[in-house]
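Protein sequence lines correspond, in order, to chains A and B. First residue of the first sequence: 1, per full-length UniProt numbering; consecutive thereafter. First residue of the second sequence: 1, per full-length UniProt numbering; consecutive thereafter.
FYI, nobody ran anything at the bench for these hints, they're computed from the structure. C-beta: ideal position from N, C-alpha, C; glycine also. Accuracy of the hints is not assured; some may be wrong.
[To be verified] Under the rule of at most 27 Å between Cα atoms (straight-line distance), these lysine-lysine pairs were calculated in the DSSO-like manner:
# : chain 1 : residue 1 : chain 2 : residue 2
1 : A       : 140       : B       : 103
2 : B       : 132       : B       : 169
3 : A       : 117       : B       : 103
4 : A       : 372       : A       : 387
5 : A       : 117       : B       : 7
6 : A       : 487       : A       : 228
7 : B       : 102       : A       : 140
8 : A       : 117       : B       : 12
9 : A       : 117       : B       : 32
[Claimed, not checked] Sample of chain B residues facing chain A (criterion: CB under 10 Å; computed from the structure):
#  : residue
10 : 7
11 : 35
12 : 64
13 : 74
14 : 79
15 : 82
16 : 150
17 : 185
[To be verified] Cβ-Cβ distance ranges computed for the label pairs, FRET-style:
#  : chain 1 : residue 1 : chain 2 : residue 2 : range
18 : B       : 115       : A       : 98        : 52 to 62 Å
19 : B       : 130       : A       : 15        : 22 to 32 Å
20 : B       : 51        : A       : 163       : 29 to 39 Å
21 : B       : 102       : A       : 15        : 44 to 54 Å
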Amino acid sequence: MSESQEPFSYPPIDPINFDLIIVGTALSESVIAAAASAVGKTILHLDPNSFYGSHFASLSLHDLSSYLTSPRSPPAAASASTDSDDVVIDLVHQHICSDAEIASYDESAFLDENSRKFSIDLGGPRALFSADKTIDLLLKSGAAQYLEFKGIDASFVFEANEGLANVPDSRGAIFRDKKLSLREKNQLMRFFKLVQQHLDVTQEEKISEEDMDIPFVSFLEKMKLPPKIKSILLYAIAMVDYDQDNSEICKDLLKTKDGIDCLAQYSSSVGRFPNAPGALLYPIYGEGELPQAFCRRAAVKGCIYVLRMPVVSLLMDKVTGLYKGIRLVSGQDLYSHQLILDPSFTIPSPLTLSASDFPSERLQMLSQRDIKGLVARGICITKSSIKPDVSNCSVVYPPRSLYPEQVTSIKALQIGSNLAVCPAGTFILYFSTLCNDADEGKKLLKAAMNALLTLPVSGNSESILSVQSDSEDTKPIVIWSAFYIQKLITSKFEFISSTPTPDGNLNYNDLLDAAQKLFGQMYPNEEFFPKATPPDDPTDEDDASGLTLDS
Amino acid sequence: MARNANKSLQAKLVLLGDMGAGKTSLVLRFVKGQFSEYQESTIGAAFFTQVLSLNEATVKFDIWDTAGQERYHSLAPMYYRGAAAAIVVYDITSMDSFVRAKKWVREVQRQANSSLTMLLVANKADLEDERKVSNEEGEEYAKENGLSFLETSAKTAQNVNELFYEIGKRLAKAKSSHETGMRLHSRAGQDRGGLFCCA
């Protein structure tokens, strides 16, 4: 999208009054645009970038590199003609990603030639559970008709000294596991029977209220489950981030009731769609398709789209201090009842503002950004798979599986060329983990990569060859890698709202909950995607098969 | 599936061109046989399907309209993904729309896959008195760029069916090569039982 084009002049936008202006086309913003259009709101949806998706975009290799390494500088505010009744407050843009480290190894010519064949997720690793609420929302909103998916072939958990083990997708798979003793299998049998009864509405027998409120890890211990199974349930199925056995540092201690919910979601995800053998799905062309599908949904309902349109300032009423509108880089002023901003925008502290008589307390809120933590993200490109015969797979490295001080789990996802995100014969691997600082995050990711991949020392290809011949099973060699640290900022509902940054989770459930909540706060009397959306394509209804499947 | 042992294929078709060139009118004429003098700017529909039976094959078209996202040059890459054919439309009464159509042709060449079939269509041929773009100009540009060229009128239906038949015939000969996956559908969901099933 960013390849050279004719000199660009900013078009005037017509009309100039809207119910809602949204800046940024990340997933949450796009979902809100689609939801608000569906209930008849007039919306202008802007993005300063030349591409859709903001922090959830999928980009070519070149675009990704330049996005990570050269944060765009905020455009100079156009014509400071302030003869209006508005107070003009310039927006500050703060990149949510930092500490980017990009390395290209021996194949830079190949990568240069094929840059546009890559479609790399900025917010990866991401996938959808077949039975999670994202799928329901895609169907309910009508966005699903613009998307195609493939199943992730396999899910693995990394075990210290043993490498990759399958995450079981059925009871049969657990009972075929030769590493478990008969006694352990019987304990598992008891556990599954209990969970099954608990989830079955027709059954009386339930897990006790008391047990539902204790940490899931304690409940699993009470059920005498072997450590290996406990670890799979907690980190590879419930996908918790922090070491559940270390209550001092654990920031997300999972309760039994939430653990059971995760088990239920996983269980109903497996095999929900034929042709998707596991629990996870991934969109063809990458996660950047998801915001695009919601934006198209919004456009169909009348939402106006303008890419490459930076917003430079907010317009506030001089007397009331309330939000009135925005000023574009072109100098044009636009007005709306509500505004949603991408989380990378803030405003300067009110103290530095010159308009001293302006009721500035309101601005205090917006100028303070709560950074809830950091996510370290890593991307590798390889020319072979981490597991022969498997193209697309997920991997979880539970806490302490890489080294004793590892307190968070690491999530990874390998995507191959049959998802149309990379040239034939290449693979993209995504890694992420929560962390307290950039060094810790990168150390964790590098350890995870080194466990399955060979990261060459740049400019020294001979060492790779020797490593290769020494090791028994050849690890895929990384031909390109990137690391970056992303801030975690939650959404905010004020007189100006803002959306959250991508979180550290594999799926989108929490982000969609935040989007739905924000929508409800803005429009308390409106339904979030009314059910009666008629299908655009009535002829599809006579597809008796229910699923359009190929390949 | 395939009738009479005939080849059956599904093809995504996208329309491009200036606002008001007649993209939606062409589709409505083809799909519904209707024409409206004052077709509103496209919102609300933007997705049609139509089955075309040819001697060579049965072609099911998924026709994507721009949903207005072309207005500020903000079409999503999703629009071009997996498209088997593109129709670039201009209005013969507007030189501007012809100039813009050339830009759309370059945009398609840049964005879409190389096996895509592209046609250049000069619409509103019924408005001969107001013509600003000659037939020769359009034809010459199309020839230079290896495109098929047709003058159409959504109003009189001139060449509209021919346009879609031409695309259908070309697609029947071509091979589609893009990755396909599964579409979500709410009716899917026989629960295999997952972890807890006794089977």
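Do the hints match the structure? See the list:
no. : hint                     : in the structure
1   : A:140 / B:103            : violated (36 Å)
2   : B:132 / B:169            : violated (31 Å)
3   : A:117 / B:103            : holds (22 Å)
4   : A:372 / A:387            : violated (35 Å)
5   : A:117 / B:7              : violated (31 Å)
6   : A:487 / A:228            : violated (32 Å)
7   : B:102 / A:140            : violated (38 Å)
8   : A:117 / B:12             : holds (20 Å)
9   : A:117 / B:32             : violated (38 Å)
10  : 7                        : violated (15 Å)
11  : 35                       : violated (21 Å)
12  : 64                       : holds (9 Å)
13  : 74                       : holds (4 Å)
14  : 79                       : holds (8 Å)
15  : 82                       : holds (8 Å)
16  : 150                      : violated (26 Å)
17  : 185                      : holds (5 Å)
18  : B:115 / A:98: 52 to 62 Å : violated (41 Å)
19  : B:130 / A:15: 22 to 32 Å : holds (29 Å)
20  : B:51 / A:163: 29 to 39 Å : violated (51 Å)
21  : B:102 / A:15: 44 to 54 Å : violated (29 Å)
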